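J.: Sequence:
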Amino acid sequence: DIIFHHQILTNLLESNFENCLALRESDKLGDEEIKVTVDEEGFVEAISKVVDPKQAIGESLGIELFGIGLTYKLFRCVNELIVKQGRDNDFYEVAFEKIIFEGGQIKPVSVGSLPCMEIDTASDLQAAFPLSIQLDHE
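For the sequence shown, this note's numbering begins at 1360 and goes up steadily by one.
Worth flagging that the hints you see were computed from the coordinates, not collected in a lab.
Okay, derived cross-link-like pairs now, DSS-like style, lysine-lysine, Cα gap no bigger than 30 Å in a straight line: (1) Lys1443 - Lys1457; (2) Lys1466 - Lys1408; (3) Lys1432 - Lys1466; (4) Lys1408 - Lys1432; (5) Lys1387 - Lys1457; (6) Lys1408 - Lys1443; (7) Lys1413 - Lys1457; (8) Lys1457 - Lys1432; (9) Lys1413 - Lys1466; (10) Lys1466 - Lys1387; (11) Lys1413 - Lys1387; (12) Lys1466 - Lys1443; (13) Lys1408 - Lys1387; (14) Lys1457 - Lys1408.
Note that the structure is predicted; figures quoted are calculated from it, not measured.
Could you build the full structure based on these sequences and the hints that come with them?
T.: Structure below.
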């Protein structure tokens, strides 16, 4: 449910970070965005809808690149949350924050002005149609 410019994937792959996520930097964030804060080294410290927008550096786009080590930890964490605790309505960022709390490091990679749009509703789909045509011609 995300339409995005292919260069975003290239940016993640070329970032030299084993574990990273695509970030739209912004100081104009509301309640619905998945907001990101970073620690003093620039790694993700918090990632969720409840992060204070004033503390956030931007919005996670829901596009990530993880190495095998962090992927394994995430699978274990998601199994614990869903299968053992029955928390199947949590946002996936709950697992990210748990892994970060346990020492996992994820680096945000800015997408700059590259186009990206989340599609959750029929009106989102209609709004994304012109972007899909634009991206198809690039």
